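Guided by the hints, dock chain B onto chain A, whose structure is given.
Going down the list, the protein sequences come from chains A and B.
The opening position of the first sequence corresponds to residue 135 in my numbering, with each subsequent residue numbered one higher.
The opening position of the second sequence corresponds to residue 166 in my numbering, with each subsequent residue numbered one higher.
No lab work stands behind these hints, which were simulated from the structure alone.
Any given hint could turn out to be false.
Below 27 Å or equal to it, Euclidean Cα-Cα: the simulated BS3-like pairs (lysine-lysine) are [unchecked claim]:
1) B:403 <-> A:327
2) B:291 <-> B:355
3) A:435 <-> B:425
Note that the structure is predicted; figures quoted are calculated from it, not measured.
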Amino acid sequence: MAEIKKKKASMFDTPYTLKNAFAKGDIFVRLSCVIMGLGNMVRKQVIKGLLYFLIEVAYIWFMVQKGVHNLAMLPSLGTVEQNKVWDEDQGIFVYTAGDNSVLILLAGIATLLITFLFACIWIDQMKSGYKALYLTRAGKHVNNFIEDIKSLANENIHKFLMFFPMLGIIFFTILPLLFMIPMAFTNYSKIGKHLVLFDWVGLENFKTTLGMGGKLGSTFWPVLGWTLVWAFFATFLNFFLGMLLAMVINRKDTKGKSVWRFIFVLSIAVPQFVSLLLMRTMFSQNGPINNMLINAGIVSKAVPFWTNAGWARFMVIVINCWIGIPYSMLQVTGILQNIPSELTEAARIDGANSVQTFFKITLPYIMFIMGPYIITQFTGNINNFNVIYLLSGGNPTPVGSTAGKTDLLVTWLYKLTIDYQYYNLGAVIGIITFIVLSIVALATYRNTASYKDEEAFN
Amino acid sequence: MSKQVTTYAGGQEYKFEKNKMSGARVAKNAVVYVILTILSIIWLFPIFWVVLTSFRKEKGSYTAYFWPKGYTFDNYKKLFTETTQLNFPRMFLNTLLVSIFSCIITTLFILCVGYCMSQLRFRLRKPFMNLAMILGLFPAFMSMVAVYFILKALGLTQGNMLYVALVLIYSAGSGTGFYIVKGFFDTVPKSLTEAALLDGCSMLQVFNKIVLPLSKPIVVYTILTSFLAPWLDFIFVKVIVGANADYWTVSLGMYNMLEKEYIYKWYTPWAAAAVVVSIPIAILFMVMQRNYVDGMTGAVKG
Chain A
135 MAEIKKKKAS MFDTPYTLKN AFAKGDIFVR LSCVIMGLGN MVRKQVIKGL
185 LYFLIEVAYI WFMVQKGVHN LAMLPSLGTV EQNKVWDEDQ GIFVYTAGDN
235 SVLILLAGIA TLLITFLFAC IWIDQMKSGY KALYLTRAGK HVNNFIEDIK
285 SLANENIHKF LMFFPMLGII FFTILPLLFM IPMAFTNYSK IGKHLVLFDW
335 VGLENFKTTL GMGGKLGSTF WPVLGWTLVW AFFATFLNFF LGMLLAMVIN
385 RKDTKGKSVW RFIFVLSIAV PQFVSLLLMR TMFSQNGPIN NMLINAGIVS
435 KAVPFWTNAG WARFMVIVIN CWIGIPYSML QVTGILQNIP SELTEAARID
485 GANSVQTFFK ITLPYIMFIM GPYIITQFTG NINNFNVIYL LSGGNPTPVG
535 STAGKTDLLV TWLYKLTIDY QYYNLGAVIG IITFIVLSIV ALATYRNTAS
585 YKDEEAFN
Chain B
166 MSKQVTTYAG GQEYKFEKNK MSGARVAKNA VVYVILTILS IIWLFPIFWV
216 VLTSFRKEKG SYTAYFWPKG YTFDNYKKLF TETTQLNFPR MFLNTLLVSI
266 FSCIITTLFI LCVGYCMSQL RFRLRKPFMN LAMILGLFPA FMSMVAVYFI
316 LKALGLTQGN MLYVALVLIY SAGSGTGFYI VKGFFDTVPK SLTEAALLDG
366 CSMLQVFNKI VLPLSKPIVV YTILTSFLAP WLDFIFVKVI VGANADYWTV
416 SLGMYNMLEK EYIYKWYTPW AAAAVVVSIP IAILFMVMQR NYVDGMTGAV
466 KG
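Bound conformation, chain A alone (with noise of 0.2 Å):
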């Protein structure tokens, strides 16, 4: 094993690397070090060069004007408060300006984030350089910068059509996460009128998440066990349920197949929230179900669907199947028309009635493709904010709590950092929340057929 992944590595190894550039480099290259660029200037790549040269001093320039400064107050994410001055010349209090800790910390993780970005130039500049020389040594044609662009429709077509992408999952996705991640290590709340100037308090907040005496800590175990049980049912009962009706369906003597399946596809077409919300309404306290309980004599007085802490929770499973039940009916439907039929044949003939072959072909035939999507339902569901949020908002909420009966740790960790402004433990949740989700995924996708046997068409 370990010699097919050296194998595999070998397939993009070059000559060109920091390590020659610096141990066989000319005197030129091993400067480029300090002069960016100067490597591939002496190798008529001018170009190229001085482009390099650009970016050192455009980053220089904003390490010197922005840079050095926005990393030293990191440590201490500013300490200057907003004061009131009194102007006596204009006769009114003047606010002088203070630190805000959160533009400090975006500004510094930012930095960083440019500072590795200029790394890595730097090293492939290195690399540039020792390439260009490497080539005239060995007296083969060095590229000039017209073709070093015409290269990007070939060679390196790669860095042309990922350079974009990349830029905006950098900058909108990591850039982000980035800066949440060292939220949970500071005091960013409102708790203690920290939302202007905060202080990193190291592991605190997730001593005072996990701890089990703190009124924190017993809202976090009661709302991660309702968030786990909640995505096994929604994921569960849909994918089984789903499979039933998608069997009943299909069975020969059902007649009007088509039919039937259009009336279940018809709810997906509907746009979620919208769904969501008129379940919503349906079911509140003066919707139309309870009317019609009401008035058919069912019950005397409205069900409490969203306010009583049980109800609310079966109502968000059942309305949940309402809504994932045609999709895992959709797709067993299309896995069914699948099977082999030679495996439900020869099971026949050698005896097997209806419920065995159910169990010993088609179940497992069902699970073997749909494994994988189970999993990544499962880690959906737990992340599953709209279905909570529309229906019951996290509701019933004790009073004095955080989190309501049907909140998952998603729409607490909303509610925490958008109603509550706690946006360290915020932070924290969502942390956990990855930890969680990690476990799962890590245990699970990794194994799964398309993950490891990518290159089965090929």
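Then chain B, alone, in the frame of chain A:
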């Protein structure tokens, strides 16, 4: 299968084919049909109710009866003409604008990344795929607040710049959602692309002229899903736009119609809005579904 079977019932002889039904089978089928009918009613009832309510003549929110006392088109008219309090036409145009731009960017990003991951082999490919998987595990809201601060630092949270902010939210990080497209591109036979390269095509031309045309279903699927995202999302826009009603999208507007301050006046127009929004989305969805299924089953045959 059509073996002739003879049975005796009440001294009389009936002949029928076995694949016609025996008594037990009739009963079983009856049960199945009854269950399917009940389920169909459960699944169609909410849709039926919202259509019914959208035509309801009586104003106000909840009524104590099911069937409306009168029917009218006024709710639809009100939705599109009464714009002082909640401006539905504007919400609709906002959503359309944002979804068109984010659709273009997202589609380009996903197709480019999908092509690189599937057809090319370079050093950072596997690390990137692992990175995309890890990033996908963080709850989206966790970074939402941070994204808001970044947009604010860029000056994109005021006035018309909010459109840019919304487009960026839906499209900027989309490069990580390449998995389905990659899976499809994987089925494009290597022999085709290699032949094209031998004929002097550049890699870019292989992408444009061979891989993309062969992958029409999945391209359509990508376009439609990315177009629909801003119509279906509700929470990102709530965090970024918040109380600034001029920039609400359809979903946020509809959420607010049911809030306490609006529900009395906007309950029946809300039902009308649900119908108005659902019809085009339902059509797009059906088209998308077909392309998705085609994409999965009718992959390129070499």
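Checked hints:
1. B:403 <-> A:327: At roughly 25 Å apart (the allowed maximum being 27 Å), residue 327 (chain A) and residue 403 (chain B) satisfy the hint.
2. B:291 <-> B:355: holds, 20 Å
3. A:435 <-> B:425: holds, 23 Å
Every hint, counting from the list given before, is met by this structure.
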